[in-house]
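Engineer: Given next are the chains, with one letter for each unit.
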Amino acid sequence: MTSISKNSLCSDVLAIAVLGVGCAAGDDSGKASSLPALDTALAGGGGRLDSGYEFSPDTFDPGELDQVPNNTLLIQHVGSWSLSPLGGPYRAVVGDLTVEEFIDGDDDLPWCWVVYAMTGEVVEDARAESCATCDFVFEIQYYVNVDGGFRPEDGAEPIDTGGNYDEDDVVETNGIDDCMSPELPRDGDRLLMGWSEDEETLYFEYYGSGIWLPWYSGELDFDRLDFSWVDEFGFVVPPEEDE
Amino acid sequence: MSARLHIMSILFGGIAVAGLASCKSDEDKDDGNREVDLGDPAAELVLPDYSEVDIDAAFTEAIETVVSARGDRVWAGHERALARRFDGCPDIYVGAPEGSPLDDDDSGRLNGMSWSDFCTTPGGLYFRGFQHWSQNASASGDPTTASGRSASASRSLTGNGVAGDTSDVRFEWTGMVTDAVTTIIAGDYVRYTWSTETVGTATGTDIFEPAASLTPGGWRADTYVSVEGGDVERITARGDLYMFEKRIADRFDSVSMNIEFIGELGAGPDDCTLEPRGWIGLRDENAWWLDIVFQPVGDDDGTSENNEDDYTACDGCGTAYVRGVEQTIELGELCIDMTGVWGSDELAPADPESYVFNARDFLDD
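The listed protein sequences correspond, in order, to chains A and B. Numbering follows the working numbering, with no gaps: position 182 of the first sequence is 182. Numbering follows the working numbering, with no gaps: position 78 of the second sequence is 78.
Watch out, some of these pointers could steer you wrong.
[Said to hold, decoys possible] Chain A side only, calculated, beta carbon under 8 Å to chain B, not exhaustive:
| id | residue |
| --- | --- |
| 1 | 210 |
| 2 | 213 |
| 3 | 234 |
[Said to hold, decoys possible] Simulated restraints, written as ranges between beta carbons of each label pair:
| id | chain 1 | residue 1 | chain 2 | residue 2 | range |
| --- | --- | --- | --- | --- | --- |
| 4 | B | 57 | A | 217 | 50 to 56 Å |
| 5 | A | 127 | B | 286 | 55 to 61 Å |
| 6 | B | 268 | A | 226 | 55 to 61 Å |
| 7 | B | 213 | A | 96 | 46 to 52 Å |
| 8 | A | 71 | B | 342 | 51 to 57 Å |
| 9 | B | 141 | A | 224 | 30 to 36 Å |
| 10 | B | 213 | A | 178 | 40 to 46 Å |
| 11 | B | 79 | A | 96 | 30 to 36 Å |
| 12 | B | 110 | A | 198 | 33 to 39 Å |
| 13 | A | 91 | B | 79 | 35 to 41 Å |
| 14 | A | 78 | B | 187 | 40 to 46 Å |
| 15 | A | 226 | B | 101 | 37 to 43 Å |
If you're looking for bench data, these hints aren't it; they were derived computationally from the structure. Glycine included, every Cβ here is placed at the ideal spot set by N, Cα and C.
In isolation and in its complexed conformation, chain A is listed as follows (with noise of 0.2 Å):
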């Protein structure tokens, strides 16, 4: 009779199942893993999802910090009327607006220059009703007389009966274009302008739209209106222009 080594006859069994194993791997059959709970830990208060977003405290404390522009602009409108007929009640104006603006304050070289000339006629019509506190209300044609260019220093005198300057007596300005005055008029703009005396303002009629905007404080001395707005704001300096 023959006999089987059992061991032997295991080990060749084995041998084949890792053979099997072995043709097998290439197939995929095993069970999609199921996908993981959710992470209860991501979870905000009250058992409610993250929505996303959390305001976190301010904490910073400015101390006495207090930052400052690293430049400032000194704008300034100067102006004049001269009123008419002699002692009212007023049916014409005729008047000046110089507008400079000074970088950090040296008003040796202002940044811009413009010079304007200005006519008015008396405005009596509902437009001028909707200014509550005015006296008198003109439109007013502004005419762009100097537009930046050589101005001359303090003091200068001309060299002829011309108006030139010796050369060394005058500075380099630019014009309305780089004024930094908000809403400057352009040449030829026809303007609403009323003058409160209550108030000592002169008031400015924004653009038709019916809305009066103290412009500038004033004082009326007999028949001329001296007017004025100076304030100085941060400033950023722009770069020079390659030559």
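Please arrange chain B on chain A, whose structure you already have, making use of the hints.
Structural biologist: Below, chain B alone, put in the same frame as chain A:
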């Protein structure tokens, strides 16, 4: 033949067959003849229960909320914050301030006004960051005449700044908002159009008065809204908005939409006034979206070619989607009534006077 050899031959024979069968199975895998065990069935998508939600009111409120994220609200809050300004805090600039993105281009640097600072007023109100604004307004004509009076205004506010005190944030705006309005009045005839584009984050009690605001706590928005009123009724609203505190119907924290409404007033014969064009989505705090899709917004998206398509019918009904799945049973086709949107105070144009911001006013204080 020994018994061992016999057994081995049987085994090898069987194995060979089995091996061939196994390898044949691999070859046939692409033929789809073999069943593949995909594991346990995927978990069923959980759909939220909206039975407690007043759908009509929720979607109407969603429209109002997006329309309320408009430039004049942010602008008014900014004015309130600056009204408490103390001399030099914050510093006012002509043009753009240092260190702002606007400083890099001439249009920003040379136009408008701004504040920039890191300061605290003697009253304890702090200003940090910057805001830059520009505006214009003009009008002409007489409203009592046939040609009437027309007025237009526009403005923008761009910044990254906050004002507040130890108790609260009063004003915070990070982003850019622009808005514009045009009005024509001639006797009894009135037509107005306003639009606003809002991209940013707004918070603070100067913008969102806690007791009266539609969205107390503020929002983060990327929206465009256009409204025509007077002799016509039209609303266009698109974009996304997330509300920090407010919840529509006590559960929805975000709104997303691309929608166009046409009201009865001034509607043309081909206009559909029963339902809007486009879609509106509401997101709850689990980030699950409830969307309603109405008629297509454009004529070139393909759906309008088939008049049998439910999406193209002007029937006052939209199709509901929950978590992106079209609903066919419970919500299914939603015939919602959003006519309440036409009575909303949020549709009124901003006061043209609010477009005029005179820097001289507060500098003289």
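Engineer: Please go over all the hints and tell whether each is borne out by the structure.
Structural biologist: Cross-check of the supplied hints:
1. At its closest, the beta carbon of residue 210 of chain A sits 7 Å from a beta carbon of chain B; the interface hint therefore holds under the 8 Å criterion.
2. Here the hint on residue 213 of chain A is kept, as its CB sits about 5 Å from the closest CB of chain B, short of 8 Å.
3. Checking residue 234 of chain A against chain B by beta carbon gives a least distance of about 4 Å; that is within 8 Å, so the hint holds.
4. Checked against the hint of 50 to 56 Å, the pair residue 57 of chain B and residue 217 of chain A passes, with Cβ atoms roughly 54 Å apart.
5. Between residue 127 of chain A and residue 286 of chain B, the C-beta spacing of about 59 Å keeps the proposed range 55 to 61 Å intact.
6. For residue 268 of chain B and residue 226 of chain A, the hinted distance range of 55 to 61 Å is satisfied, since their beta carbons lie about 60 Å from each other.
7. For residue 213 of chain B and residue 96 of chain A, the hinted distance range of 46 to 52 Å is satisfied, since their beta carbons lie about 50 Å from each other.
8. Evaluation of the 51 to 57 Å hint for residue 71 of chain A and residue 342 of chain B yields a pass: the beta carbon distance comes to about 52 Å.
9. The hinted range of 30 to 36 Å is satisfied by residue 141 of chain B and residue 224 of chain A, whose Cβ atoms lie roughly 35 Å apart.
10. In this structure the supplied range 40 to 46 Å holds for residue 213 of chain B paired with residue 178 of chain A, their Cβ-Cβ distance being about 42 Å.
11. Look at residue 79 of chain B against residue 96 of chain A: about 34 Å separates their beta carbons, and that is inside 30 to 36 Å.
12. Range check, residue 110 of chain B to residue 198 of chain A: Cβ separation about 37 Å, and the 33 to 39 Å hint holds.
13. Checked against the hint of 35 to 41 Å, the pair residue 91 of chain A and residue 79 of chain B passes, with Cβ atoms roughly 38 Å apart.
14. The beta-carbon spacing between residue 78 of chain A and residue 187 of chain B, approximately 45 Å, falls within the hinted interval of 40 to 46 Å.
15. For residue 226 of chain A and residue 101 of chain B, the Cβ-Cβ distance of about 42 Å falls inside the hinted range of 37 to 43 Å, so the restraint holds.
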